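Asks: With the hints as your guide, set chain R onto chain L.
2 protein chains.
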Amino acid sequence: MNDSIEDPDAPAPGSRRPGGRTARTRAAVRDAVLTGLAEHGYPSLTVEYVAERSGVHKTTLYRRWGGVEGMVADALDLAGEDSWTPPDTGSLAGDLRALAREVVEGFGDPARAAAPTAFVGAAFQSPRAADALHSFYAERFRRCEEVVSRAVDRGEAPATTDAGAVVRAVSAPLFLRLFVTREPVDGSLADQAADAALAAVAAGVYTRRTGAPVTGARNKD
Amino acid sequence: MNDSIEDPDAPAPGSRRPGGRTARTRAAVRDAVLTGLAEHGYPSLTVEYVAERSGVHKTTLYRRWGGVEGMVADALDLAGEDSWTPPDTGSLAGDLRALAREVVEGFGDPARAAAPTAFVGAAFQSPRAADALHSFYAERFRRCEEVVSRAVDRGEAPATTDAGAVVRAVSAPLFLRLFVTREPVDGSLADQAADAALAAVAAGVYTRRTGAPVTGARNKD
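Taken in sequence, the protein lines are chains L and R. Be aware that the first sequence starts at 1, since it is given in full-length UniProt numbering, and climbs by one per residue. Be aware that the second sequence starts at 1, since it is given in full-length UniProt numbering, and climbs by one per residue.
Chain L with its partners taken away, still in its complex shape (with noise of 0.2 Å):
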């Protein structure tokens, strides 16, 4: 699910925009900045690095991003271009296991994790980034929407479960311990997360409640 901000060698999203020069300068942006924050961490990401690192020169920085919040904030834009898609594995309990397995190995590797990790705490300082964070997030889990759907579809969930709620549960264990508590994490505990998130839904915990506010996820944008 982090396919896109762990592997600089993934496609340029910025491809998108075929053969255009500046969509191969913007995805060596991304990738000067990805490796920049994989090694040194976002308070010592410079202007200076990334221009050294991608070959562009200081002043286009300066005057196509602004600075560091900026280019952060657009390498997390560009992850999200991707074309990640949620598994698909047939069953809820599958998808599940499968959406926070995909949180456990994207993470559980220091050197994978050490550039998304540098995201989470870039946010911290700087709003640009905890900007282009949360709506790297929304889209994400947008996604992962999916696996509720087809649950639904198959008479696996009732159709008034909030998704976005369900979804963010299986991952709310794992970035705990990633982010907050400093604790190891695994396949069990995957498992754990999903297989808590697939018990609540039975219980009808992630209901939506009619005429009342959503009390799961609440996506600004």
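Hints are computed from structural coordinates only; laboratory data are not their basis. Computed from a predicted structure; not experimentally measured.
Taking beta-carbon pairs under 10 Å as the criterion, some of the chain L residues facing chain R (in silico):
no. : residue
1   : G41
2   : P43
3   : G121
4   : Y137
5   : D162
6   : L174
7   : R177
8   : V180
9   : A199
10  : V201
Positions of the beta carbon are idealized from the N, C-alpha and C atoms, including for glycine.
Replies: This is chain R only, laid out in the frame that chain L set:
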């Protein structure tokens, strides 16, 4: 559940060593660190700021704490020495909801949330802060486990319930939104998080498997 790192006016835990000048100095430094984190965030916190704010000489600060990292870690250690205990409402459902509501109340108010949020952010940049944050939450959640052991005594949960996993599950959807997806939290979301954990307990998701590794909380300290 987070009172001590939210409220710089709480009785100084260091005063355990009664009347000690050392304890007073430690508390003064802690207060300055909390104010600095709340007002400026971790990257802008300097020894100079703490010296001016606390009235403790820079030389003393460097000698006793080494620098900003050490002062932040010690402020977290001090926060963990308070006498907070989890709610006791008479039922597991009530206790879990009360725990979740404490998180929302503590972090829903930007003024109260600033310092503890800065601690979470600091852990992305400082290994010592990350260790201190890990210890703080390990101890916090250890205290929370009491709500599960009381529930076991009342026959509300299986004796094999992994209490650490349950109490982490209650906070997780809230911390996800506060620190990762940057979405609002409120009382109904708190209730939902608590009810989901309760449903998963009832379904046996958090049952420790005898003879198998514990899948949930694994405190290292």
